[in-house]
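Residue numbering for the sequence shown is 89 to 308, as defined by my numbering.
Don't take every hint at face value.
[Stated by the list, open to error] List time: in silico SDA-like cross-link candidates among lysine to any residue, alpha-carbon distance up to 20 Å:
{"hint": "1", "residue 1": "Lys210", "residue 2": "Tyr236"}
{"hint": "2", "residue 1": "Lys270", "residue 2": "Leu243"}
{"hint": "3", "residue 1": "Lys124", "residue 2": "Arg151"}
If you're looking for bench data, these hints aren't it; they were derived computationally from the structure.
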Amino acid sequence: MEEIIKNYNNIVEQIRITADEADRNVEEIKLIIVTKKFNAESIKPLLDIGHLYYGENRVQEARDKWPNLMNEYKDIELNLIGPLQTNKAKIALDLFSAIHTIDRKKLVDKILEYPEKIKKNKEFFIQVNLADEKQKTGISKDSFDKLYSDAVKNLKITGLMCLPPKDDDSSIYFAFLYQMAKKNNLKNLSMGMSADFKEAILFGATHIRIGEAILGDRVG
Numbered sequence: 089m090e091e092i093i094k095n096y097n098n099i100v101e102q103i104r105i106t107a108d109e110a111d112r113n114v115e116e117i118k119l120i121i122v123t124k125k126f127n128a129e130s131i132k133p134l135l136d137i138g139h140l141y142y143g144e145n146r147v148q149e150a151r152d153k154w155p156n157l158m159n160e161y162k163d164i165e166l167n168l169i170g171p172l173q174t175n176k177a178k179i180a181l182d183l184f185s186a187i188h189t190i191d192r193k194k195l196v197d198k199i200l201e202y203p204e205k206i207k208k209n210k211e212f213f214i215q216v217n218l219a220d221e222k223q224k225t226g227i228s229k230d231s232f233d234k235l236y237s238d239a240v241k242n243l244k245i246t247g248l249m250c251l252p253p254k255d256d257d258s259s260i261y262f263a264f265l266y267q268m269a270k271k272n273n274l275k276n277l278s279m280g281m282s283a284d285f286k287e288a289i290l291f292g293a294t295h296i297r298i299g300e301a302i303l304g305d306r307v308g
């Protein structure tokens, strides 16, 4: 557990230094700790020191893990950073403060079936598949404008999210996403993980997603 806190403090310091280099206010940058495949006992040391922002990839895993923690610790902001199936939309709206993976009109329409849940100040990000990778979710660049115009009428779309190709220079994609957000007056950018969060901060990331660099290697 001491190792987790040491890792956490190291990442926080790197974020601070990089924000200074970018002439940005570090308070603008949320560190989302990705807890996929980590159990509650691994997470509690971070909750005990007051960290509030977490991310999960799967709705079912989050439902199994987080309700008890949310009862024990207040003001947690849980972010869905993995794909959302339409049949899990209701559960996701109950659990998550923000959903980073809006990527199709069918999903928007399903979410809109639960207006009472949306009103609880939920935030939504549109995930853009900038490299058109078939194995990844996200709306294509060419289809983005239509999805955005449909979604923004009824949902609180505050930003964009991307997952750059693993072996490419992430900076190219971060710069493109920044321009897309600027064009559409969106303030938030969910981008950057353990290997490239510094580059993401330099290109305006407001939400960075880090798991193993803090919590250690995942099991399974």
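Here is how each hint holds up against the structure:
1. Taking the CA atoms of Lys210 and Tyr236, the gap is near 17 Å; set against the 20 Å cutoff, the hint holds.
2. With a CA separation close to 19 Å, the supplied pair Lys270 and Leu243 stays within the 20 Å bound.
3. For the proposed pair Lys124 and Arg151, the alpha carbon gap of about 12 Å is at most 20 Å, so the pair holds.
Hint compliance for this structure: no hint is broken.
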